[in-house]
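Colleague: Next come the chains, spelled out residue by residue.
Number of protein chains: 2
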Amino acid sequence: MKLIGITGMPGSGKSAITKLAEKYKIVVVSMGDVVRYETLKQGMPLNPENVGNTAVKLREIYGKEAIAVPCLNYVNEKYNNEDFVIIEGIRSIYEVNYIKKHAELDIIAIHSSPKTRFERLSGRNREDDSNDWNTFVERDERELNFSIGRVISLADYMVVNEGNYMDFVNDLENTFKKIINVN
Amino acid sequence: MKLIGITGMPGSGKSAITKLAEKYKIVVVSMGDVVRYETLKQGMPLNPENVGNTAVKLREIYGKEAIAVPCLNYVNEKYNNEDFVIIEGIRSIYEVNYIKKHAELDIIAIHSSPKTRFERLSGRNREDDSNDWNTFVERDERELNFSIGRVISLADYMVVNEGNYMDFVNDLENTFKKIINVN
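Just so you know, the protein sequences line up as chains A and B, in that order.
So the mapping is simple: the numbering used here equals the position in the first sequence, first residue as 1, plus 2.
So the mapping is simple: the numbering used here equals the position in the second sequence, first residue as 1, plus 2.
Same shape as in the complex, but just chain A (with noise of 0.2 Å):
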């Protein structure tokens, strides 16, 4: 089985991974999924406080590697007869240093200018809107922190989102089918 990681800054357009996962009939599985199993085997019920604790608990047992570990476990115990897995998310150096280490992992990073993409979460054309930019750096610090810089900067595959959306899908489209083998 290959991995596949998708990873980006906030707003740089990492969910056109879904439509790409339909089409291809690959899982994608997101860190979000890995905490909601994890909350669900210790045989709590599902709602945000348990959700929360079990993300809080996964940090304090696997330190800087959570949540790879339970997300590795999670692939491997619900699709180990998939070919291709797409996990969505990864924004810690230490998380792809864990699973490469485990199992076969790409990473694709999609790009996109900050300013860009503040256009693009904020719905609008001005980024004199101190508050919202404020929030947005925040948002981004918030990221760059968890070690996605590094993420980015060594991914295997980077893709550009800056214009034309559907040349980037296009892109993306052709990056993901060099990874998958297909033609």
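I should point out that these hints are in silico values taken from the structure, not numbers from a laboratory.
Heads up, some of the hints might be wrong.
For chains that are exact copies, the list does not tell them apart, and a pair is met inside one copy or across any two.
[Stated by the list, open to error] The calculated EDC-like cross-link candidates involving lysine to aspartate or glutamate, where the alpha carbons are at most 16 Å apart (straight line), are: (1) Lys-117 to Asp-158; (2) Lys-180 to Glu-164; (3) Lys-180 to Asp-134; (4) Lys-117 to Glu-106; (5) Lys-103 to Glu-90; (6) Lys-179 to Asp-108; (7) Lys-4 to Asp-158.
Use these hints to put chain B onto chain A, whose structure you have.
Modeller: Frame of chain A; chain B shown alone:
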């Protein structure tokens, strides 16, 4: 004046900017130029020891924002009449933030996968020469510790250098022309 900063992991192909700079007659300033200039300003002859000591001293004086502070001074003193100046070798987000606060700066990041960069730098096609691979990873690590991952992830433009070299140079030139408003 607008500054154009070039960043990218080792072996990504940053030096391609030199030819473009010549073609469009745009000055290129490297962080090394700045340190040499500061060395001379202090009346010291240019030798590796003096240049090294100056770099250390600049970091002591300006902290994380070195070498951005003397770099901006250098550009303003020497190239005040230029419309555009390229700055090579930006690798710290603190330097980027400092320069953006005081001048107009667009960052172009160049991305190649670790595998491709390793092959370029080692001139080999095998990752199993573990000694070389470790050296490569350590060099990456040093750059990432300077926060180059943040500079890359927050770049205004991303150019991928993965396949055909002329395609890459072409993409880089198109990006470059967008910034300097040439059609």
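Colleague: List, from low to high, the hint numbers that the structure doesn't satisfy.
Modeller: Checked against the structure, the hints that fail are numbers 3 and 5, while the rest are satisfied.
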